[in-house]
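J.: The chain contents come next:
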Amino acid sequence: MSDLHDRLRTLLLLVPYVYRHRGVPLAELAARLGMDEAGLEREIDFLLLVGRPPFMPGDMLDIYVEGGRVFVDLPQSLVKAPRFTAAETLALATAAQLFVTDERLADAATAMRVALGKILGSLPAETRALFEQLSAHFAVLPSGAGLPLLPVLRQALEEHRELEILHYSAGKGQVTRRVVQPLGLQLRGGVWYLVAHCTERDEPRAFRVSRIQTAALCETIFDPPAGFEPGAFLDAALTLPTVGGRRVVLRFAAEVARWVRERYRPEHLQDSPDGTLRVVLHDVSDEYVLTTVAALGGRAEILEPAELAERLRAEAREALARYA
Amino acid sequence: MDKAERLLDLVALLLHTREPLSFEEIQHAFPEDYGQGHEDAIARKFERDKADILALGLPLKLCLGDEYEKEGYLIERQRYGQPALDLGPEELALLFLAGSAALDLEGSPFQRDLVLALNKISLATSPEGGARSVRSVPLARSAPTAGLRQREHLEVLRRAIAERKLVTLTYHGLWKDEITQRKVHPYGLVYRRGVWILVAHCQLRDAVRLFHVDRIRGLAVNPLKPRSPDFEWPAGFELTAHVPREPWQLRAHPPVRAVLRFEPPVAEAAAAELGPEALEVREEGEARVVSLECTSLEGLLPTLLAYRGRAVALEPPELRALARAALARLAGEGQP
Chain Z
1 MSDLHDRLRT LLLLVPYVYR HRGVPLAELA ARLGMDEAGL EREIDFLLLV GRPPFMPGDM
61 LDIYVEGGRV FVDLPQSLVK APRFTAAETL ALATAAQLFV TDERLADAAT AMRVALGKIL
121 GSLPAETRAL FEQLSAHFAV LPSGAGLPLL PVLRQALEEH RELEILHYSA GKGQVTRRVV
181 QPLGLQLRGG VWYLVAHCTE RDEPRAFRVS RIQTAALCET IFDPPAGFEP GAFLDAALTL
241 PTVGGRRVVL RFAAEVARWV RERYRPEHLQ DSPDGTLRVV LHDVSDEYVL TTVAALGGRA
301 EILEPAELAE RLRAEAREAL ARYA
Chain L
1001 MDKAERLLDL VALLLHTREP LSFEEIQHAF PEDYGQGHED AIARKFERDK ADILALGLPL
1061 KLCLGDEYEK EGYLIERQRY GQPALDLGPE ELALLFLAGS AALDLEGSPF QRDLVLALNK
1121 ISLATSPEGG ARSVRSVPLA RSAPTAGLRQ REHLEVLRRA IAERKLVTLT YHGLWKDEIT
1181 QRKVHPYGLV YRRGVWILVA HCQLRDAVRL FHVDRIRGLA VNPLKPRSPD FEWPAGFELT
1241 AHVPREPWQL RAHPPVRAVL RFEPPVAEAA AAELGPEALE VREEGEARVV SLECTSLEGL
1301 LPTLLAYRGR AVALEPPELR ALARAALARL AGEGQP
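Just so you know, the protein sequences line up as chains Z and L, in that order.
Read in the numbering used here, the first sequence has 138 at position 138, and its numbers run on one by one without any break.
Count along the second sequence from 1, add 1000, and you get the number used in the numbering used here.
Simulated from the structure, these hints should not be mistaken for laboratory data.
This one's a predicted model, so the numbers in the text were calculated from it and none came from an experiment.
A portion of the hints provided could be inaccurate.
Stated by the list, open to error - Chain L stretches covered by chain Z per the calculated footprint, using a threshold of three residues with CB under 8 Å from any CB of chain Z: (1) 1006-1017; (2) 1201-1207; (3) 1229-1235; (4) 1287-1296.
To be verified - Just some of the chain L residues that point at chain Z, by a computed CB distance under 10 Å: (5) 1022; (6) 1091; (7) 1104; (8) 1115; (9) 1119; (10) 1186; (11) 1214; (12) 1276; (13) 1280; (14) 1327.
We treat Cβ as the ideally placed atom computed from N, Cα and C, and that holds for glycine.
My request is simple: use the sequences and hints to build the entire structure.
T.: This is the structure in structure tokens:
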């Protein structure tokens, strides 16, 4: 699908969307269509040029922004969204695989299959045939941990209900209980994260879903913050800082250097002539460092700080004793 | 006239008309675009525009003309608009949850399609039913997680797979640190643990091979005969059967049963993380004992070690030996 086609498909959806939601805020419409506001305004201006021959005033699209809201008066037959294409259906079906392949989510999987079935049922025969031909060639494998808590998380996200969770924090190495306001469910590198506002710390946090041991719905309903993007927050939360806090220096053996290069940004890396690779980190937790280095089983070591290197050795001696 | 503008005008015209419009009538309606220049060039331009309209998935119809119907073109109104969908609140919520998570799948090849599809769902369902769940999911992402190049590659591969075209890859190998050129028949794309994997038949090896899309340095689709496929999909081909899910499922040796014991406080988390792929998860008080079918003990070792002192390998002896050696190195007793 070329850029032109993507653009036209977006515009053919934009007009019916505004027709249905008259006075939709510009910012909301931009977010829904995955565009920035300036770009959306340009497209709205462009749409004013569109109409039907003989292009008399009554033949032109009349779409405009007023007081930050978007209106359409003369939609020129573009009152309905075009049908799903095979690729759009495929996009939904692959996304649905995130849930339907998890055996423990039988109810959710059934609901998802039924929903997809309804969409497939609405397709013209040739679109459906194309979808079925293509669908065997694209797959999304769910993450190892799956999402056994999906039903309760879904309900909390949908109804904006607070959740009381029991969560194992790797950073602290202990289980804590806290009340959170769920804002989004996101997948990164095969790991599910719940992005939620932590009421105790009064700031958004990301929780690995596999480390949430229990989650109970509370009666409290909350107002989600406007304009908060869970995905962008999570990306920032998963990015390691490059300045400030305690400095940690790790050395990786040449055989794992390439693996390391793909996991850290260049600002963290220092090459050595012998092929080993140093990684300089700031303000990372002990648990993060110990876990990263331990997993490589001797192909990495902690150069700084010395006490953390000693702790890793002590832990390893203790673990070794269990194999005696 | 700008091409996007002309195509939208054409769609509006052909969707609005009750009776088919002949090419002459369309020419007359667009004098600047189809009325001037060489006849062949005009005909080709109109052919391309028709192809674009069809590529958008719109039901453009050529009526051949008979005693009841005029000859010409129209877009069938009945087949144009998405009919209403009767989706319940739970179904809607699940579609939007899965959809918004999938939008962030490291540059999904379906990103744009997914945004459009989710909006179409919200337009095709009643505003009351599940409006809340639909509203609560923002579809825009300010910062896409994957690089621009990877997204372009996914887009090109997606098309090559659908059109069954031969592709030449410039690939940075995972095991040997070298860049090679491979001619492949792309069979499909699989997303696993943050990575998009191309499953393709490699001509050089005459076998199915996996390629990480983020390691593809260059990509060229066979430019010859763009409209005809270069290969056939093998009958009964099962895409996911070729993709191991976990590092210990790489086929390095015959399957063995590996048994790991996890202590609190990681026992629950480990059971959740490894459970879905496990042969068995047994409770021993607070501890969890997980059995896995393993075809790469080397692949399992980092997972075991990442749980640090709270995990111990019980079986097989080879895994215990690997763990002992690794822990000795970590303890500073062996070679660093």
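J.: Determine for every hint whether it applies to the structure shown.
T.: Results of checking the hints against the structure:
Residues of the region 1006-1017 of chain L with a Cβ under 8 Å from some Cβ of chain Z number 8, which satisfies the need for three, so the listed coverage holds. Here's how the region 1201-1207 of chain L fares: 0 of its residues keep a CB closer than 8 Å to some CB of chain Z, so the rule of at least three is not met and the hint is violated. Counting residues of the region 1229-1235 of chain L whose C-beta sits closer than 8 Å to any C-beta of chain Z gives 1, which falls short of three, so the coverage hint is violated. Using a Cβ-Cβ cut-off of 8 Å, 0 residues of the region 1287-1296 of chain L lie near chain Z, which falls short of the minimum of three, so the contact claim is violated.
Because the beta carbon of residue 1022 of chain L sits about 14 Å from the nearest beta carbon in chain Z, more than 10 Å, this interface hint is broken. A hinted interface residue such as residue 1091 of chain L counts as satisfied when its beta carbon comes closer than 10 Å to some beta carbon of chain Z; here the least separation is about 4 Å, so the hint holds. Among the interface hints, the one on residue 1104 of chain L holds; its C-beta lies about 5 Å from the nearest C-beta in chain Z, closer than the 10 Å criterion. Annotation: interface hint on residue 1115 of chain L holds; nearest CB of chain Z at approximately 4 Å, less than 10 Å.
Given the 10 Å rule on beta carbons, the hint for residue 1119 of chain L holds: about 6 Å separates it from the nearest Cβ of chain Z. Because the closest C-beta pair between residue 1186 of chain L and chain Z is about 9 Å apart, less than 10 Å, the hint holds. The restraint placing residue 1214 of chain L at the interface with chain Z holds, with a minimum CB-CB distance near 8 Å, inside the 10 Å limit. The beta carbon of residue 1276 of chain L comes within 5 Å of a beta carbon in chain Z, closer than 10 Å, and the hint placing it at the interface holds.
Hint status for residue 1280 of chain L relative to chain Z: violated, with the closest Cβ pair at about 15 Å, above 10 Å. With its C-beta approaching chain Z no nearer than about 4 Å, residue 1327 of chain L sits inside the 10 Å limit, and its interface hint holds.
When the structure is compared with the earlier hints, violations turn up for hints 2, 3, 4, 5 and 13 and for no others.
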